[in-house]
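**Q** In order, the protein sequence lines correspond to chains A and B. Counting from 1 along the first sequence, just add 8 to a position and that's the residue number in the numbering used here. Counting from 1 along the second sequence, just add 2 to a position and that's the residue number in the numbering used here.
Hints in this document: simulated from the structure, not taken from any laboratory. Hints are not guaranteed to be accurate.
For each label pair, taking beta carbons as the anchor points, the in silico distance ranges come out as [stated by the list, open to error]:
#	chain 1	residue 1	chain 2	residue 2	range
1	B	A212	A	K45	52 to 62 Å
2	B	W15	A	V129	43 to 53 Å
3	B	G217	A	S198	47 to 57 Å
4	A	S42	B	G177	45 to 55 Å
5	B	I245	A	L164	41 to 51 Å
6	B	P146	A	S203	25 to 35 Å
7	B	T168	A	L164	45 to 55 Å
8	B	D171	A	D210	22 to 32 Å
9	B	G13	A	S198	49 to 59 Å
10	B	A53	A	S42	45 to 55 Å
11	B	W15	A	P114	43 to 53 Å
12	B	L148	A	L164	18 to 28 Å
Because the structure is a prediction, the values reported are computed rather than measured. Note that CB positions come from ideal geometry on N, CA and C, so glycine has one too.
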Amino acid sequence: MTAKDIFRTKFDVASIVLIPACIGINYIGKLFASALKLPLWLDSIGTCLGACLGGPIIGGICGAANNLIYGLTTGDSITLIYALTSLFIGFFVGIMARAGFMKSFPRSIITALVAGAVAIVISTPLNIVFWGGQTGNVWGDAVFAASQAASLPLWLSSLFDEIIVDVPDKIITLILTFLILKALPDKLTSLYDASDEVERLD
Amino acid sequence: MKSISLYKDNGTWLCRVHPFTKLMYIAAVILIPLFLHTLWAYAVAIALDVAILISGKSLKRARALIIFSFTIIATIFLIKGLFDGDNITPLFSLGSIVFYKEGLLKALRTGCVIINMLLSFSILVLTTKPEDIADEMERHGFSPRLSYVISSVFSIIPQMMGTMDTITDAQRSRGMETEGKLSVRMKAFIPLITPVVTSSLINTRERAIALEVRGFGAKGKRSYLRTWKKHKGDKAITILLIIATFLAFIWKIITWLI
């Protein structure tokens, strides 16, 4: 598979319709996680699904649009800053999926680790700039407080905070994405298959 | 169906201000204190936000949006005040716990940034219909696909929440546990979310076909169902805000050079 195949994106109606559906799925994931009182966010299932179906570009658009729309309309303006994180998660999960890393369960774990690493690399500086290094998650912030008390540098404490929160979150998200993708009918997934050739009869 | 948007038309002037003017206000009120980098600039910005919210009769609803951040801000004060790396001067102590001036000042600044941001965004969020933002963006040259994505999210989510309730009820009636230990709740997540997600993805196929049939991908000029009544103040306020932000930016560069 060449680089061109990985980034090939169809901007047809099916792909455009996929974006709001994925944004809705993100919202539902977050809603279920808080209804079941899980200590995870699980708010990027839709972004990952969009990335696996539509490729890296659609994944990136799903991620960025997700945070921008919620930030500008539901009053959760803190999510706006993390539009950048979501964008890159969607983008990299899309690349991994196109490169075949969502085809089996062990491979999807690798994708999850990549997504976790992307989230950490992009969110940590944002956390430091806007929140003084914290994530707002109880477990992560406990680690942050402990490592600050041990007078570790700010960026390292913030990094630990992110790792504790984001890596488990992304692993569970990608496992769910994998299970859902397996359950989708072929007539749906073939809509988004970018490698298909259109054969003309005339 | 319950909308996820917090917009409510309470008939005040704030609801009739153009969405772009509100967006420019948010940009200005966040950027100017950032450039000036003093605490009083944040105080002025927060006072301005509150004044606008009061005159738009929306302060009460804005309070609900702010209150959740107080716990985070409290932990920021706690962690920075106690453990920050630059802490030198002790300010006060509670028993054997000593709070330091440097960390608390940093926490105060972070707290101000957060409150200012939440307040200024709540001005937009509480008094602007999401569809209006989408419509106006399309009218000012953004792709109609983008405005479809925005307005579609608001019709899809209530629909999905309906499905979510149906599925939760169905799974509970089959005897699935949704409360209890963490492992039980974790296990409940998959049978709850998979049907909702799968059905909403399958629905996209039909929606795509329906949209295509109705000429979604068609080229050419489009007409609008709603029209926006132009307000005289919008342009003047936007220009003023741009000038103010620009001046603050110049100030930042001057102080940086000296």
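**Q** Indicate, hint by hint, whether the structure satisfies it.
**A** The hints, checked one at a time:
no., hint, in the structure
1, B/A212 x A/K45: 52 to 62 Å, "violated (38 Å)"
2, B/W15 x A/V129: 43 to 53 Å, "holds (45 Å)"
3, B/G217 x A/S198: 47 to 57 Å, "violated (24 Å)"
4, A/S42 x B/G177: 45 to 55 Å, "violated (23 Å)"
5, B/I245 x A/L164: 41 to 51 Å, "holds (42 Å)"
6, B/P146 x A/S203: 25 to 35 Å, "holds (28 Å)"
7, B/T168 x A/L164: 45 to 55 Å, "holds (47 Å)"
8, B/D171 x A/D210: 22 to 32 Å, "violated (52 Å)"
9, B/G13 x A/S198: 49 to 59 Å, "holds (51 Å)"
10, B/A53 x A/S42: 45 to 55 Å, "violated (34 Å)"
11, B/W15 x A/P114: 43 to 53 Å, "violated (59 Å)"
12, B/L148 x A/L164: 18 to 28 Å, "violated (40 Å)"
In this structure, the earlier hints numbered 1, 3, 4, 8, 10, 11 and 12 are contradicted, and the remaining ones agree with it.
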